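Here the protein sequences come in this chain order: X and A. Last residue of the first sequence? That's 933 in my numbering, and every number before it is there in order. Last residue of the second sequence? That's 1118 in my numbering, and every number before it is there in order.
Treat the hints with caution; some may be incorrect.
[What the hints assert, rightly or not] Below, a list of computed lysine-lysine pairs in the DSS-like style, where the Cα atoms sit at most 25 Å apart:
1. 369(X) x 399(X)
2. 696(X) x 1029(A)
3. 567(X) x 602(X)
4. 1076(A) x 701(X)
5. 441(X) x 370(X)
6. 602(X) x 677(X)
7. 696(X) x 624(X)
8. 1021(A) x 717(X)
9. 717(X) x 994(A)
10. 994(A) x 755(X)
11. 370(X) x 431(X)
12. 911(X) x 1076(A)
13. 627(X) x 677(X)
14. 431(X) x 441(X)
15. 332(X) x 369(X)
16. 1021(A) x 994(A)
17. 1021(A) x 1053(A)
18. 357(X) x 370(X)
The set of hints was computed from the structure by calculation and includes no laboratory data. From a predicted model like this one, the values you see are computed outputs, not experimental measurements.
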Amino acid sequence: MTEHIKQEGGLRGYILQGALVTLAILLLVLYVYMFSRIHQQMGETGGIIILVPVILSAWVLGARGGMLAGLIVGLVNLLLHGFALQYGSMEFVSIIFGGIIASIIGWVTGRFSELRISSLLFGVDLSADTSGQSVAELLRKRTKEMVAGERNLLRTLIDNLPDKIYVKDDKGRYVINNMAHLQSVGLLKQEDALGKTSFDFFSELLAKKFTSDERNVFETGEALLNHEEEVLDAKTGKLNWHLTTKVPIRDNHGKIIGIVGVSRDITERKKIEEALKNEKAFLDALMDNIPDSIYFKDRQCRLLRTNRKEMRDLNVDDMSQIVGKTDADLWGEEFGRKTFIDEQRLMESGEPIIGLVESRQLKDGQTNWTWTTKVPLRDDSGQIVGLVGITRGINDLMKAQQEREKLLANLSDNEHKFRTLFENLTEGVALHEMIYDENGKAVDYRILDINPSYEKHTGLLHKKAKGLLASVLYGTASPPYFEEFERVARTGEPYTFETYFLPLERHFRIGVVSPKQGTFATVFEDITERRQKQKQLQDKNAELERFTYTVSHDLKSPLITIKGFAGALLHDVIAGRYQRLESDLRRIADAADKMGGLLGNLLELSRIGRTMNPPSDVNLVELTQEVVGLLAGTITEHEVEVIIQPDLPMVYGDQRRLAQVLQNLIENAVKFMGNQPNPRIEIGTRKDHEEQVIYVQDNGIGVDPRYHETVFGLFNKLDTGTHGTGIGLALVHRIVEIHGGRVWVESQGKGFGTTFCFTLSSNHIARKDHEQ
Amino acid sequence: MIGKPLTILLVEDNPDHAELVKRNLEEFQVANHIYHVEDGEAALDYVYKQGTYSDQKKYPRPDLILLDLRLPRIDGLEVLKQIKSDLTLQAIPIVVLTTSDAEKDLAQAYEYHANSYVTKPVNFENFSRLLRDLGYYWLAWNKRPW
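Could you put the whole structure together from the sequences, leaning on the hints where they help?
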């Protein structure tokens, strides 16, 4: 509107202004002329000078002021001149005229001044519609318009503010309500609110409260500032939060005539605040109720904030007691140094520490194990400004872990013991699991593990056997001992049996136990040797039995002879027959001799086993020569050629017994020479499969292969025609046996000669010989 | 004497014992022929008419065999077993006459179908009586198919 005025009066204003200025200049010229005329005789120019205050006044005070100033100047001039009466009537008129002119000049100048002021002050060109109106009137009007404009402006302003603004009079009646306020109470127009009070819009309770607040403002004169209150929104029916300010309005005399209220809806802010408060409450609840210590630290590792748990641990009641302190202050130098280094590294690198297990010494001397995670704290720009850490006490956990470790160590110790046992057991041990078909029927078993002894016993290698099916491993149609193993794996009852395992040609004693259903362990003991020993023992027993039998038989035999012929002799003597006397007596004597010889031999035989001469190195060549020397009589008698091979070995043994062996064999050879025209005996040695064999070979009658075994039996004689007790070869057999060797006979049969061979165990073949 | 005198094969390795047996049997006139062999091999050769004993006239089939058990070369039990398992020979009565009174030998002998088992008595009188009774039994009382 202001703009409009300015535009309307633009051109006209300038023309009027130009005319006024021209008129003023003309009047001034006229006045100066007339004044110079009047004052010619006076010779003074005072009339013009007095215009100066008139113009100044007009300039300052406006048109009215200028006119008034001109009149006053004129009046003063008239009075000065009139009282002096030195002028004529002409002069008098001139003075009056001068006064009028001064007034006009004052008015014009003042008017001009007003125009300038108004345009300067209000930007309003008062020259617009001047028709019939004085400048003062115009100005008044303009002022009124301006006030209206300003009110309008204010109205616009407050109506467009989001805050609710209202003015109440001293009776609490609304005078002004802005749009926001009107809408909030469900109205559209200002008129509808005028004269209404809080009770018209709000609940009684609320209205009373408002009224009370406002009365307080009235009474005390103090403004109610930023008061938060809950208000029911009439439109939405929701409770809203308002931030209300109520300020007293005073008149020019300072009397309170009303209040202005500004109310802002802060529901949103309240909500956010509430949410924040909740968040904080959650955080606080979390912080204070979590059993872990939570703490925030600044860049220098000083404590900023912590939670109740940490405070309890530190035994402080108030957080201010520990804020700003470092770990070194709180937990001791050593621990503090360590965490400081860790934390500084964290804050420099930004790398969090996750799940660090630490221990610290508490004041009571106990070790406190902790599990800690620390992450950097960053500000908005991403700079690391500190850290947040969470520490949990894990003493129980550590204790449990230590016990577990101890248990594991124990376990592994047991495992180790078991392993050692397993690895070093002389019995072969194998662990198996049963294999079942889809019907749950056991069909095979698998080798899970075997120990070194098992490898040794069976010759099966661990890496080959492990994991294999038994049927595959042993190459048998059905897995070995399947029935027995299956029963043990099913019932869990241990079972032991002895068996001859044909694929390996060994005797085994197999113990089967089932550590859990479906698995079983077999303990193999190779009893082949024991079996052999048993067999040997059985053989020995049989031999002993035979021996007893033989002895009883052979000793009884001469007894029968003696008694028999003694009886016959007696018979003959009684009957007076003497022709058989001599032969019968001889038979008796011979039988007695034979019995004596048998007893002597038996004694000798039994002695061999019991008494041995201490072993020594024996040169067989020398020993043979010695024996041959002893038998020189018989040998010469039978004209036997004896050859002793020079390569006979050195042996280590019972020299006397070995001599007996040689003696018996050579004697035997001489005895069974038969009708050989060129009897010959050779004593020598040969190697059979790395075995040193000593032989006594003759070219005598030979031995039928049928009797190669029986010749060594006690008292066994092949030929009843020859002398001897039948004990010689039994003796040889026994002596060789004691020297760990074997004795056997080789002969193609009758007439092909005989070779008796014997060996001695390797430790009876002296080393000296091997070195040769 | 009653009946035909017996042909006896005496298998005895001990010449003294053989002499005692022969002397007793002759004294009681039980046997007209006693053939004596000293070992099991010879005994089998005799019954199978082999080797030295191939002359059937000279070495007739025995009516009775007196068999010692402990013999050189082939054991008496083996001889017994072979004769008794031979259909042509098993009819010949075999009396085991031995020094052994071992139960094992006794059982074994009967298992091999020995007809009788007697041990040689140490006492001469008993020895004589045994042979006399033995002779009478086989000669007088026992019926023979041949």
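Against the structure, the hints come out as follows:
Restraint check: the Cα-Cα separation between residue 369(X) and residue 399(X) comes to about 19 Å, which is no more than 25 Å; the hinted pair holds. Taking the CA atoms of residue 696(X) and residue 1029(A), the gap is near 51 Å; set against the 25 Å cutoff, the hint is violated. Restraint check for residue 567(X) and residue 602(X): the C-alpha separation of about 42 Å exceeds 25 Å, so the hint is violated. A distance of roughly 18 Å separates the Cα atoms of residue 1076(A) and residue 701(X); the hinted pair therefore holds under the 25 Å criterion.
Simply put, residue 441(X) and residue 370(X) have alpha-carbon atoms about 32 Å apart, too far for the 25 Å limit, and the pair is violated. A threshold of 25 Å between alpha carbons decides the hint, and for residue 602(X) with residue 677(X) the separation of about 17 Å falls inside it, so the pair holds. With a CA separation close to 36 Å, the supplied pair residue 696(X) and residue 624(X) exceeds the 25 Å bound. Note on residue 1021(A) and residue 717(X): the hinted pairing is violated, with a Cα-Cα distance of about 33 Å set against a maximum of 25 Å.
Our distance criterion of 25 Å between C-alpha atoms is met by residue 717(X) and residue 994(A), whose separation comes to about 19 Å. Using a Cα cut-off of 25 Å, the hinted pair residue 994(A) and residue 755(X) holds, with the two alpha carbons roughly 22 Å apart. Using a Cα cut-off of 25 Å, the hinted pair residue 370(X) and residue 431(X) holds, with the two alpha carbons roughly 21 Å apart. For the given pair, residue 911(X) sits about 33 Å from residue 1076(A) by alpha-carbon distance, which is inconsistent with the 25 Å threshold.
Our distance criterion of 25 Å between C-alpha atoms is met by residue 627(X) and residue 677(X), whose separation comes to about 19 Å. A C-alpha spacing of about 15 Å is found between residue 431(X) and residue 441(X), which places the hinted pair at or below 25 Å, so the restraint holds. A threshold of 25 Å between alpha carbons decides the hint, and for residue 332(X) with residue 369(X) the separation of about 14 Å falls inside it, so the pair holds. Restraint check: the Cα-Cα separation between residue 1021(A) and residue 994(A) comes to about 22 Å, which is no more than 25 Å; the hinted pair holds.
At roughly 18 Å between alpha-carbon atoms, residue 1021(A) and residue 1053(A) fall within 25 Å of each other, so this suggested pair holds. A C-alpha spacing of about 16 Å is found between residue 357(X) and residue 370(X), which places the hinted pair at or below 25 Å, so the restraint holds.
Going through the hint list in order, the structure does not satisfy hints 2, 3, 5, 7, 8 and 12.
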